[in-house]
Amino acid sequence: MNLILFDKPFEAIRLGAEDPKAQHLVEVLRVRVGTKVFVGFVHGLRARAEVTLVEADGSVTLRVIATEAPPKPLPIRLLVGLPRPHTAKRILFEAASLGVQDLHFFEAERSEPSYARSRLWTTDEWKERLRLGTEQSFGTYIPEVGMHTDLQSAISFLQSGGAHIALDNYEAEAALPYVLTGEAQSAVLALGPERGWSADERTTFRKNGWKLAHLGAHVLRLETACTAAIAVTSAGLGLYDTQTQTLL
111 MNLILFDKPF EAIRLGAEDP KAQHLVEVLR VRVGTKVFVG FVHGLRARAE
161 VTLVEADGSV TLRVIATEAP PKPLPIRLLV GLPRPHTAKR ILFEAASLGV
211 QDLHFFEAER SEPSYARSRL WTTDEWKERL RLGTEQSFGT YIPEVGMHTD
261 LQSAISFLQS GGAHIALDNY EAEAALPYVL TGEAQSAVLA LGPERGWSAD
311 ERTTFRKNGW KLAHLGAHVL RLETACTAAI AVTSAGLGLY DTQTQTLL
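No gaps in the numbering here: position 53 of the sequence shown is 163 in the working numbering, and each next residue is one more.
Source of the hints: derived by calculation from the structure; they are not laboratory data.
All the given hints hold, so there is nothing to weed out.
Here are the simulated distance ranges between beta carbons: (1) Asp310 with Phe267: 16 to 24 Å; (2) Gly326 with Thr232: 30 to 38 Å; (3) Glu219 with Lys118: 40 to 48 Å.
Glycine residues also receive a C-beta, built at the ideal position from the N, C-alpha and C atoms.
Taking the hints into account, I'd like the entire structure generated from these sequences.
Below is the structure:
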């Protein structure tokens, strides 16, 4: 992890030897007294902390020495037809790393119903993937995740302002950069499961005013398409021009 994320802010904290954070500091980062590390507080500030004590049993004490504002979440929301758990893990991690506002999943017509009953979703494993992605990117904002029963209910929940675009390899009329309107300041991006959208789902998108777009001639893996779509949309909305980032 590039940054150690804590649930609550502190000025100083002692991490017991049994704490995974202390174990990471001692075994991976090999900290000593005086070592400085990056920490952050969920939905709060990013900070620089100094190791003030490393005990014989592996306990570590940290003291915050500087703070700054973290990167802001992107005004991009993701809607995904429920994919295989292994693919969903990658999407959760990468979307959190890129800083999306939130992610929403639903059982698409070509999703396998058993995916929703996997360990990923029946335990807190999905939360851990989000947290790891946030730490990887030096962020503190953990995206929210929503589960919807069907496409129409998901669309109704996400039908706010901004661009609404469904990625599709087969019936899209233009590439994603050309579908983004110049006036849009936010976007909702929909991507189907590994088997793609059904004809009825494309009809549902069109009836609700969504546009279909593609990411080029190459067929991408779902997790790759999610990452590419977020990056292309961020550039198209001018988000990379307006957000600056320092590291204390």
